[in-house]
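**Q** With the hints as extra help, turn the sequences into a complete structure.
As a plain string of letters, each chain reads:
Number of protein chains: 2
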Amino acid sequence: MLLPYWLKNYKKSQFNGDLVAGIIVAVVLVPQSMAYGLLAGLPPEVALYSSVLPLLLYAAFGSSRTLAVGPVGLMSLMTGATLIELDISSVNEMVSTAHTLALLVGVILLMMRAARLGAVINFLSHPVISGFISASAIIIALSQIKHILGLSLPRGTPAYETTYNILTQIPQSNISTSLIGVSSLFLLWWFKSPLVSVLKKCKITDSVIQLASKSGPLVAVAIGTYLVYTLSLNTQYQVSIIGHIPAGLPEFILPNLDPNLIKLLLPNALLIAIIGYLESVSIAKSMASQKRQKIDSNKELIGLGTANIASAISGGYPVAGGFGRSMVNFSAGANSPLASIITACLVGITLVALTPLFFYLPKATLGAIIVLAVLPLIDIHSFKHALSYDKTDAFSLLITFFTVLIIDVETGIIAGVVISIGLYLHRSSQPHIAIVGQVGDTEHYRNIDRHQVKTDKHILAIRVDENLYFANTNYLEDTIMRLVADDKEINHVVLICSSISVVDTSALESLGDILYGLETAGVKLHLAEIKGPVMDKLKETDFIKRIGEESIFLSTHHAMCSLKGRTN
Amino acid sequence: MLLPYWLKNYKKSQFNGDLVAGIIVAVVLVPQSMAYGLLAGLPPEVALYSSVLPLLLYAAFGSSRTLAVGPVGLMSLMTGATLIELDISSVNEMVSTAHTLALLVGVILLMMRAARLGAVINFLSHPVISGFISASAIIIALSQIKHILGLSLPRGTPAYETTYNILTQIPQSNISTSLIGVSSLFLLWWFKSPLVSVLKKCKITDSVIQLASKSGPLVAVAIGTYLVYTLSLNTQYQVSIIGHIPAGLPEFILPNLDPNLIKLLLPNALLIAIIGYLESVSIAKSMASQKRQKIDSNKELIGLGTANIASAISGGYPVAGGFGRSMVNFSAGANSPLASIITACLVGITLVALTPLFFYLPKATLGAIIVLAVLPLIDIHSFKHALSYDKTDAFSLLITFFTVLIIDVETGIIAGVVISIGLYLHRSSQPHIAIVGQVGDTEHYRNIDRHQVKTDKHILAIRVDENLYFANTNYLEDTIMRLVADDKEINHVVLICSSISVVDTSALESLGDILYGLETAGVKLHLAEIKGPVMDKLKETDFIKRIGEESIFLSTHHAMCSLKGRTN
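Protein sequence lines, in the order shown, are assigned to chains A and B. Using the numbering used here, the letters of the first sequence correspond one by one to residues 552 to 1119. Using the numbering used here, the letters of the second sequence correspond one by one to residues 552 to 1119.
Treat the hints as calculated values from the structure; they're not laboratory data. These figures come from a predicted structure and were not determined experimentally. Ideal placement from N, C-alpha and C gives every residue a C-beta, glycine not left out. Treat the hints with care, as some may be off.
[Unchecked claim] Calculated lysine-lysine pairs in the DSBU-like style (CA-CA distance at most 30 Å, straight line): (1) 1075(B) to 1008(B); (2) 559(A) to 1088(B); (3) 1088(B) to 1005(A); (4) 1096(A) to 935(B); (5) 1039(A) to 559(B); (6) 1096(A) to 559(B); (7) 935(A) to 562(A); (8) 1088(A) to 1005(B); (9) 836(A) to 562(B); (10) 1039(A) to 836(B); (11) 836(A) to 935(A); (12) 935(B) to 743(B); (13) 559(B) to 1008(B); (14) 1039(A) to 562(B); (15) 935(B) to 1075(A); (16) 1005(B) to 1090(A); (17) 1005(A) to 942(A); (18) 850(A) to 814(B); (19) 1096(B) to 1039(B); (20) 1096(B) to 836(A); (21) 1008(A) to 935(A); (22) 935(A) to 1096(B); (23) 942(B) to 1088(A); (24) 814(B) to 814(A); (25) 1090(A) to 743(B); (26) 1005(A) to 1090(B); (27) 935(B) to 1090(A); (28) 836(B) to 836(A); (29) 743(B) to 935(A); (30) 836(A) to 1088(B); (31) 754(B) to 935(A); (32) 752(B) to 836(B).
[Said to hold, decoys possible] Cβ pair distances, simulated, as ranges: (33) 805(A) to 927(B): 22 to 32 Å; (34) 1013(A) to 1097(B): 31 to 41 Å; (35) 1112(A) to 1006(B): 37 to 47 Å; (36) 1013(A) to 803(B): 46 to 56 Å; (37) 1037(A) to 555(B): 17 to 27 Å; (38) 666(A) to 939(B): 48 to 58 Å.
**A** Right, here's the structure in full:
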């Protein structure tokens, strides 16, 4: 039998860590996944179903040992937005559409694997991702305030409208709900940090501290549920509760495969797949590098793809690796995906036996759990860093951030990608062009504006710090012709190609034009330090025949020595 | 008074050339512009109006001495496609929409000047332009076959549908029309080349040969008109004719400024403006470089912008610099924009006095004029060249070509731009990374796979041939970590930055990760040949503080000498 890589060499000593981590993650996952279901506008059981089979499939096919797969904030937000876009009102239809969406996400991920398109996430720059995640976290947190305060607001409005709605409707808040919501927020915060300090002072062992501090959501859920039940807050004070969750394990479902529905869902499914993959891979990589393990991007696509298909056919919605839970898993000592299998079993037991306990669970508590989970994702540090290091990147970050907030998540991420690529191309369309001279008596040539160098008044040696391609050929041509026109003593131009790895067809034509222009002006063009792969392509061209082999030098120094004193 | 640059130093000796060129261009322009009007689906007088005032405005504000502005094939095709998209049936409404379109094109060009966005055309690579023009030429030629054969086909169908329609309807051709059309084609071809050889043998002076060979369209028009008139082909054999053209100079018109119409036209106007500007600038540049004159791209935007606004308010449609006529103007000896002013006056005289002569002009002759004018634009050489030099460029060319043919002109050019940028980014996302060694006893270091070099088994010196930015940071990180993992003897990694001009925020984070990864593996990272502008940005960062100043070397040689023998 083909066992997963981690099972072949499983050591008994690893089991303890896996068991503890599996239990702690389950304690976090059960309330959190119900909360994320709420965020996506789906019944809680859909989110719980997404927390069983997908975990097992990822354990079998994924490449990260510690990634905790399941419902996550971003995917829930995007799923919810997709369902709102389609304007579906019946809950049954929303649930069935969510299954189809998960299936599409899974199939897209597997197809990305087949077409070797995993590298597409390389085009999401860090600043764009940071702006996207920060803005999404704000949208997610804002969307939960209505649950925390017991308001009824329309779903899926842009962030500024949600804020406006909240501010104008605060007087209509439900007092009981608000009390539960705000106390839950306080309780969750207290478990996150002050409790740990207290326990540390009492010299409790680390794994107990871990378990205690991560059980905040479960404690909040227990207290909230107990209060609603004993005080009948749901009937007497209109506190919203979760209500009936059908008991039992998820059943096999064939998702709706209506071609029209698939066509409608496809663009969003593509984006959800890319974002889910991106999130999972970055988390997995950062954990793996700390333990010197390896992440195989291709395996990740298969792991996540099968996990999403598993979610689709077992009544769930799109899943990915979650940041918070993965960190819990990792720091609680998980050694292998066995931890996730244990988690999945515990969620399964919950589904079979414990769902009646959640009947009186107030939505305000779930809202508070989401808010506390996403707030750490608002990343001001990255913005400050980008601002001080590279204004262009800070600009991409801001554009993404505000487009997500003002328009929506999909437009925001597309705007971010377009802007960051556009700015990169703009930068490379006006490359840095340096005039260089000899440093002392070395064979080294550097920028005359920055170093003490020797030059020859008849030889213009210039270095272009960029590939030559369609976007910058005009700029290069204009610059060289201007430099030569400005200095009549120049007889030779040496183009130093050390930074040039690509010369495309447009640039080749431009080089021909430059050669022709210089010739008619009585100036000879030479090339130095052409890289191997570039020369391989150039050597068959007319351009190289016209410029002549004697004008092509291995190094700038060779060129300068050979041209010195020659007057054409 | 502020005179145009060329009028200040006008020399008497220039006048002769201007006069001859002005007359020859007018002889070409009058029939050609009526033909382009037909192509755009507009009455002939609209095209003639576009050939008066715009020429004067370009003469006043443009920067090319010899660019012949007026109706051109591409703009007429795109204008026609825009009118079909809007589904306008009344001729009056089409004409008024064409005025608005010209106004928008003019305003967009002036705004591009104001926002310094002229460089946007740099993102159209030569292969994309070539594919676009070739496919457009085929579409234009195909669209005229119905006029040449006297068929009635729907307008604006994709090229394959037009071809299918033509082939199935050939039996319904109008014999008289076909005879006129095919003989016109033959006559025009004969004037283009065999006539010139005959005249050259008779030792006629060059300017007379020029005039004679360029009067082909006029002769075809005269013969066609005469035949229709004397044989009453229009009434007896249903040959389509131009009909009544109102006499008199264009009058001032305020274009329709309905905001809804403007919103509808805007995307197409933007594309027409960019294509018109691109076409004009490339023609102007290629002529200017032959006479060592200069083209100022900013002035071109103003010249073309005002020409289009002039066209809009004098009853015309979008104009640009035409390739064919500019070449005629140039080779007929035009020295200054005075030639264009003479052309405009002659077109004006035609409008005032000669329009009745065109009543019986058969549309078949105009169709033939267009076909002969656009066929030379089909550019197979560029495709062959791209195919042999750079498959990627050949691919962009083909994608653009077929998208234009199969879908439409706008989609084609957008697809071309997206594909060429995507392919460039893809290429730069997997940069060439070379391991280098010392060439002989020089200070020069080159690729170990291509040169006979010396290396040190404890030092890995690698050169990355690309900027470090978001799209390739993962690739760099993976490559370095793999190289170090594969060779346990390596103690030092020297990253040679001679090709690196940009290190963006994402790449900076990646460098930090690489440094951390190497440190934990017991390997020290060093940088060599960092360029000035890159170092300026890096020196304030944590990364440089962590790597330490002693690990930053001016040249690879310094690095190698200093590290040799050190064992950490």
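**Q** Compare the structure with each hint and give your call.
**A** Results of checking the hints against the structure:
no.	hint	in the structure
1	1075(B) to 1008(B)	holds, 14 Å
2	559(A) to 1088(B)	violated, 49 Å
3	1088(B) to 1005(A)	holds, 26 Å
4	1096(A) to 935(B)	holds, 18 Å
5	1039(A) to 559(B)	holds, 27 Å
6	1096(A) to 559(B)	violated, 43 Å
7	935(A) to 562(A)	violated, 45 Å
8	1088(A) to 1005(B)	holds, 26 Å
9	836(A) to 562(B)	violated, 73 Å
10	1039(A) to 836(B)	holds, 23 Å
11	836(A) to 935(A)	holds, 24 Å
12	935(B) to 743(B)	holds, 26 Å
13	559(B) to 1008(B)	violated, 71 Å
14	1039(A) to 562(B)	holds, 27 Å
15	935(B) to 1075(A)	holds, 29 Å
16	1005(B) to 1090(A)	holds, 26 Å
17	1005(A) to 942(A)	violated, 35 Å
18	850(A) to 814(B)	violated, 48 Å
19	1096(B) to 1039(B)	holds, 27 Å
20	1096(B) to 836(A)	holds, 25 Å
21	1008(A) to 935(A)	violated, 46 Å
22	935(A) to 1096(B)	holds, 18 Å
23	942(B) to 1088(A)	holds, 11 Å
24	814(B) to 814(A)	holds, 28 Å
25	1090(A) to 743(B)	violated, 38 Å
26	1005(A) to 1090(B)	holds, 26 Å
27	935(B) to 1090(A)	holds, 17 Å
28	836(B) to 836(A)	violated, 51 Å
29	743(B) to 935(A)	violated, 66 Å
30	836(A) to 1088(B)	holds, 27 Å
31	754(B) to 935(A)	violated, 77 Å
32	752(B) to 836(B)	violated, 34 Å
33	805(A) to 927(B): 22 to 32 Å	violated, 60 Å
34	1013(A) to 1097(B): 31 to 41 Å	holds, 34 Å
35	1112(A) to 1006(B): 37 to 47 Å	violated, 26 Å
36	1013(A) to 803(B): 46 to 56 Å	holds, 52 Å
37	1037(A) to 555(B): 17 to 27 Å	holds, 26 Å
38	666(A) to 939(B): 48 to 58 Å	violated, 28 Å
Of the hints listed earlier, those the structure fails to meet are numbers 2, 6, 7, 9, 13, 17, 18, 21, 25, 28, 29, 31, 32, 33, 35, 38, in rising order.
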